[in-house]
Structure formats: structure tokens, C-alpha cells
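S.K.: Sequence:
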Amino acid sequence: MIVHNDFGRKKIELTEDELIIYRLFGKKRIKKENIKSAFIVDDFFLVVRTIDEKVTTAGNGFLRWTDKEILKRIVDEINKEDVIFPSNKEKFSTLLILFVNIVNAFMLSLNRSSIEVKYIFYVIGILNLILLFHFIFMIYNYNNALYDIDSNELKIIKNKNIIDKISLKDISFSIPKNNKNIFVLKTGKYKFYFRSNVTYPLKHKNFIEELIMEKMAEIKK
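Numbering (numbering that gives the first Met the number 0), first residue to last: 0 to 220.
Please note that the accuracy of each hint is not assured.
What follows is a set of in silico ranges between Cβ atoms, one per label pair, in the way DEER data are often shown [claimed, not checked]: (1) Lys79 / Glu213: 23 to 29 Å; (2) Glu209 / Glu68: 21 to 27 Å; (3) Lys53 / Val122: 29 to 35 Å; (4) Lys53 / Asn205: 25 to 31 Å.
Cross-link-like lysine-lysine pairs, in silico, DSSO-like; alpha carbons within 27 Å at most [said to hold, decoys possible]: (5) Lys190 / Lys26; (6) Lys159 / Lys176; (7) Lys30 / Lys157; (8) Lys31 / Lys202; (9) Lys185 / Lys204; (10) Lys164 / Lys9; (11) Lys71 / Lys31.
Read the hints as simulated data drawn from the structure, not as lab findings. Using N, Cα and C, we set each Cβ at its ideal position, and we do this for glycine too.
Hey, can you work out the whole structure from these sequences and the hints?
M.R.: So, in C-alpha cells, the structure goes:
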């Protein structure tokens, strides 16, 4: 099964053994047996979670409209769990680190004083440490939870093991004002950002809509 973009190029392909995601440069291959769960966002964005708790996204608004049903069939075949996994409120871009280092290198080239260079190196080190910790923090939050539709529980995962389970009634709810496609579930210890614009599977879509309506009703009381 192959999903193309509007220009007829392959974007997503499912073979007997693997899911292939075609990027601008190269392609990403995921073994079919390693995929645990998947869903579609806004009709054309595929979101996949693997057994190592990594999340991969594929697709864009330029996918061929006639291949929409093919994408659904791909999800039906690779989705093994009725769970919703989180997405960060913002995505961390490695281009930010690259940009900072380019700027720092340019600053170094303009300075000839060894003392100034020494202090600039200190600044570079501190900035990169901050970015590194920020990156690790976001990756951790991106992959360490899932919401089990069948049990109405938020399950916290660490090192591939479930370390905590939280009931729906013990979870507070909110929708960020600056992003209506995200809803937030949080407890005293955890806070996770989930996509509210899931369009397939329908079970996921209906569950999220009902959850949002129920939680919004609780807030209004």
C-alpha cells in the first residue's frame, strides 16, 4: 500500500515487513513487527509509536486526496493497541542548536582577544548545555505516557515499563488558548499534551471528543 503526494511521489509505503516513510532527504524504515500503535491527525498526518516508545510522524497537507482511504487501511493494519499517546505542545528543532553554534562561531571569528574568546567559549558551553537539557526533557515528555482508551487510564512509562496508572477521574484537563488542536491532561506529578484533532481510527476520534466534552462540562460546574 502506497500513499502519494499531489505530485505523484511516494510519501508512505507499507510492505509485508516494514513501514517506509519517504523524507525530503532519504527515507525512514520501521519494521512492521516493532509498531505498537498509530493514528491519523487532520486526515493526512500519520503518527506512529514503536515498541521502544519512540514516536514518528509522516505526511502533510499535500498528500493525494484519493489516497486518504489507503492511509486508513495502513493504520488498520499496523495499529495493535487502542491507546492515544502524547504530543508535545511544541517541537524541538535541532536547527536551533545549529543556528546557535553558527552564531557563536561567527562571534569567535570576529574576536581576536584570547580573553574574549575564552569567555565566548564559556557562553557557548552554557547555551549548548541548556539546549541539551531542554532537548532531553522534551524527548522524555514526548514518549513517557499513553492514554488507554479501553481502561480509561493514563499510564506512565519509564524504560519501556509502566510505572504508574492514573484514573480518568483523577486527571485535570485544559485546552491551551494558543493551540486548539491540543488538550492537556495533568496530575500532581505529570503533565502531558495530547492531540485533539485525531481523525482516525474513529474509536480514537470519538473517545477524544467525548473526553473533551466531559471534562469541559466538569470545568463549567
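S.K.: Hints numbered earlier in the text: which of these fail when held up against the supplied structure?
M.R.: Per hint list: 5, 6, 10 violated.
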